[in-house]
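All chains should be modelled from the sequences, with the hints used to inform the complete structure.
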Amino acid sequence: MVYPAPCPNVEERVRAIVESMDVDALVGQMTQLDISMLLKDDDKTLDLEKVRHFAKMKVGSYLNSPFNGGPDANGKIGYSAEEWRAMLETIQAIHMEENDGHPIVYGIDSVHGAIYVRDAIVFGQQINGAATFNPTLVEQMGYYTGRDTEAAGIPWIFAPILDVSKNPLWPRTFETFGEDPHTVAVMGAATVRGMQRNPQTAACLKHFIGYSKSALGHDKDPVTLSDYELLNHFAVPFLAAIDAGAKTIMENYVSVNDVPTMANSKLMIDLLRHDMGYEGMVVTDWDEINNLHTAHRVAKTKADAVRLALTRTSIDMSMVPFETSFIELTKALVATKPELLARLRESVTRIVRLKVQLGLYETPVPGLGNVVGAPDATAAALAMAHESIVLLENKDSVLPLPEAASVFVTGHAADNVGYLCGGWTVQWQGVSGNHQFAHGVTLKDGVMRIAPQATYFNGCAADGTLTDMDTVLAHAAAAAYTIVTVGEGSYCEKPGDIPCLDLPAGQAEYVRRIAATGTKVILVLVEGRPRLLHGLADVVHAVVHAMLPGEVGGQAIADVLFGTVNPSGRLPITYPKDHANILAQYNRRTMVRITDKEIGVEWPFGHGLSYTTFAYSNLELSRRVVESVDDVIDVRVTVTNTGTVTGKEVVMLFLAQPFRTLAVPEVKQLKKFEKIELAPGASTVVTLSLTFADIGVFAPQIGYGFKRVVEEGDFVVLVKPDTVVDVYADDWAHPLAAKFTVACDLEQLL
Numbered sequence: 001m002v003y004p005a006p007c008p009n010v011e012e013r014v015r016a017i018v019e020s021m022d023v024d025a026l027v028g029q030m031t032q033l034d035i036s037m038l039l040k041d042d043d044k045t046l047d048l049e050k051v052r053h054f055a056k057m058k059v060g061s062y063l064n065s066p067f068n069g070g071p072d073a074n075g076k077i078g079y080s081a082e083e084w085r086a087m088l089e090t091i092q093a094i095h096m097e098e099n100d101g102h103p104i105v106y107g108i109d110s111v112h113g114a115i116y117v118r119d120a121i122v123f124g125q126q127i128n129g130a131a132t133f134n135p136t137l138v139e140q141m142g143y144y145t146g147r148d149t150e151a152a153g154i155p156w157i158f159a160p161i162l163d164v165s166k167n168p169l170w171p172r173t174f175e176t177f178g179e180d181p182h183t184v185a186v187m188g189a190a191t192v193r194g195m196q197r198n199p200q201t202a203a204c205l206k207h208f209i210g211y212s213k214s215a216l217g218h219d220k221d222p223v224t225l226s227d228y229e230l231l232n233h234f235a236v237p238f239l240a241a242i243d244a245g246a247k248t249i250m251e252n253y254v255s256v257n258d259v260p261t262m263a264n265s266k267l268m269i270d271l272l273r274h275d276m277g278y279e280g281m282v283v284t285d286w287d288e289i290n291n292l293h294t295a296h297r298v299a300k301t302k303a304d305a306v307r308l309a310l311t312r313t314s315i316d317m318s319m320v321p322f323e324t325s326f327i328e329l330t331k332a333l334v335a336t337k338p339e340l341l342a343r344l345r346e347s348v349t350r351i352v353r354l355k356v357q358l359g360l361y362e363t364p365v366p367g368l369g370n371v372v373g374a375p376d377a378t379a380a381a382l383a384m385a386h387e388s389i390v391l392l393e394n395k396d397s398v399l400p401l402p403e404a405a406s407v408f409v410t411g412h413a414a415d416n417v418g419y420l421c422g423g424w425t426v427q428w429q430g431v432s433g434n435h436q437f438a439h440g441v442t443l444k445d446g447v448m449r450i451a452p453q454a455t456y457f458n459g460c461a462a463d464g465t466l467t468d469m470d471t472v473l474a475h476a477a478a479a480a481y482t483i484v485t486v487g488e489g490s491y492c493e494k495p496g497d498i499p500c501l502d503l504p505a506g507q508a509e510y511v512r513r514i515a516a517t518g519t520k521v522i523l524v525l526v527e528g529r530p531r532l533l534h535g536l537a538d539v540v541h542a543v544v545h546a547m548l549p550g551e552v553g554g555q556a557i558a559d560v561l562f563g564t565v566n567p568s569g570r571l572p573i574t575y576p577k578d579h580a581n582i583l584a585q586y587n588r589r590t591m592v593r594i595t596d597k598e599i600g601v602e603w604p605f606g607h608g609l610s611y612t613t614f615a616y617s618n619l620e621l622s623r624r625v626v627e628s629v630d631d632v633i634d635v636r637v638t639v640t641n642t643g644t645v646t647g648k649e650v651v652m653l654f655l656a657q658p659f660r661t662l663a664v665p666e667v668k669q670l671k672k673f674e675k676i677e678l679a680p681g682a683s684t685v686v687t688l689s690l691t692f693a694d695i696g697v698f699a700p701q702i703g704y705g706f707k708r709v710v711e712e713g714d715f716v717v718l719v720k721p722d723t724v725v726d727v728y729a730d731d732w733a734h735p736l737a738a739k740f741t742v743a744c745d746l747e748q749l750l
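Mapping the sequence shown onto UniProt numbering, position 590 (from 1) lands on 590, and the numbers just tick up by one.
Hints in this document: simulated from the structure, not taken from any laboratory.
The structure displayed is predicted, hence computed values, not measured ones.
Hints are not guaranteed to be accurate.
[To be verified] Have a look at the derived ranges for each label pair, beta carbon to beta carbon:
| # | residue 1 | residue 2 | range |
| --- | --- | --- | --- |
| 1 | P604 | A16 | 51 to 59 angstroms |
| 2 | R513 | D634 | 29 to 37 angstroms |
| 3 | F659 | T687 | 23 to 31 angstroms |
| 4 | V23 | D243 | 29 to 37 angstroms |
From the three backbone atoms N, C-alpha and C, an ideal C-beta is built for every residue, glycine too.
Here is the structure:
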C-alpha cells in the first residue's frame, strides 16, 4: 500500500493521502459507476477483467444492485448479505491492489430498509414513518436500515429523502415525510441519527433542493420557487439533518428558477457551502452532469457540462453512471485550466475524509457479524407499521371488528406484499407478489391469523380490471363485513407519472358493487399518494389509510382492524377531495382559497381517529409578550383519555401569524408535536415550548447567511389540527387557541 500510514489526526491523514494523488487519481476518486459496468454480459456475476480495468482508471465509487432492473436469467432476485460481501471483497481487493491502497465507497438506495439485501426486513415507506409522528420509531428504522445494509458490506446509504411534498400527483410523494417542513425535519434528523449509530454507515440527504415543487406533478419537472419558500420550507429539513451529523448530500434532477441544480452556484455554493456551512461530501444524482447537455440543454457538449459543473458548483462526485467520459473530460479541462487542480483537490479531500471517517482504509468491507433480518429489526418494522395506520372514518364504530365475525377479504393488495411495500423494494420499480419476502405478511394472512374463518377472493387488479364478479359478490353478500383494498400498485420516479389522482375506474366500481350487497365495507387505502375517492367514503362504513406499510404491513393493518392495536397514525399530508384543490395544503398562504367552500378537502393534515377519545383543556401560555430572542413560551395543555381503552394521541401545536410584511403569511404552521399514551380516565399536562427559532422566519436572502427575523405584532397558538379561528376578527375566542405579542422587531443570524 502506497497511501500514507494512519496517524492520530484525521485531517493530517486526509491531507497526506490527497497530496499523494496525481490528476488521474483525483479524477478517479470523483467518479461513481453503476455496478452493471463490472458485470458479465450474460449474467450478473463479476467480470474480473472489467473490475481491474476500472481499478486502473482509479474509479472511487460504485452504486446500485445487480438486480435493480429485475432478476437474472435463472430467476434470482437479489444477493444475500454474504453474497454482497463476497462481491465487495473482490472489488475492494482489486481496487486497493491497483490503486495504491485506496478503497472504493459503495452506495445504495436503502430507502426503507435494506431493500436490496435478501432476507432483510422491508420497513414502511417514509410517508408511513411520518404518519406515526413518533421520531423514535423512525430513528429505529434508520438504525436497522443501516445495520442490515452494513451487514452486506455497504457503508453508504442514499437516504433519507428530505423533499417536502408539495404536489400529491408527484410520483415520489410516498418517499417523503409529508407536506410539513417541521415534520420532515424531525423525521429526517431522526433517520440520520439512527443510520449513523452504525459505526461504518454514512447517510446521504436527498434531493438538494426544491425537487418536489413540481407544478404539473410529474417527476423531474422544472421548478419555480421563491427564496422565501426555499429557505423556510425546503431548507429547514436539510438544516436539521446536517445538524444531526449527516455525512453526505445528493443534489437533484431539476432546474430551479430556470437554472439546473447541477450548474447552480446560488444553491450549490452560496446556500449549501456558505449559508448552511456544509463541509461534507456531495454527489450528483443519476447522470446529472451529462444531463446539462442531454436534458437541461444549457451545455452544448458533454465537455461544457463538465466545465459548468466544476466551475459553478461544489459537487464532489459524479454519478456518471454508465461511461467514463467524466474522467477524460475532466482531465482535459484541467490540462487547459490548471488552476482547477485546486478545485479537484478540494472535492477529493471531502471524499477521502468520508472514507477515512468510515474506516474503509482499514476495514473496506464493513459490517462483519451483523445479522440480517433479526427479530429485533422485524419487531421495529411492525411497531412503525402499527403506529402509521390512520383511521380516517369509522361510522357507527364499526371498528374494531369482532374476532368471531364473518369477514370477506378482497382487493388488489389484499394478498400482495409487494404492493404493501411500493417502489424501491427488491427492484427499482418494486415488485408484485409474496415470494420475494422472507418476513412478509399479507393483509389476507394477517386477518386470518386473528379470524381464521375469514374468506378471501379477489376480482380487481391494480389497474381496475374486474374479473369473476359473480364470485366476488357472492362472497361479499355472505359476509357481515368486507375488507377491500384500493389504491395503487408499485412504481417510483418517472414511470409513476399519472395525469390525475382519480382511482382506476374499475376499483371504484368494485367497491360500489360490493357495498350494494349489504355487507359493511371497510375500505383500506394502499397507495403512495392520495388518490381521489369521489364519494367512495360515503358508501363504506370505515376508511383506513395504510399507505405503504412495508413487509409486515398486512399484520399491522389486521391488528388495527380487529383492535389488537388502537390506531394512532395521523395524516402527514392533506387528503384532497377534488382536482381543483390538490395543491391547497394546510400551510398554504392566506391568499390561497379553496375553490368551492362546500368541497374543502377529504381529510385535513393531522387527521386521524382512535378507538378512544381525548379531551383537551386548560390551555396556558407561560408568557404573552416576547421582548428578546432569548424569550421562551411554554405552551401547556391538559389531555385526558375520556374513552374506555388505552390510546395514543399526537398533540400538535400550530402557529399563525396574521400579518407579515416580509412575505405573505401561511394560514398556520406546525411548530411542535408530541405523541403520548394514556390509559382510560388518565390525564397529563403536555408542555410544548416555542423559542425564537419557532416564531421567526428566515429572511429571503441567499449568500449572506441565514438571518432569522420576527416582526413586531400578534401571533396565535392553536392546539390540535382541527382548531380553527378567524385570526382577523376582533372578538375571536377558542379554548384551544391563544394570542401572544412580539413587542418589537427581532433578528438573529443562524
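Hint by hint, where does the structure go against what was stated? Just the numbers, ascending. Number 2 only.
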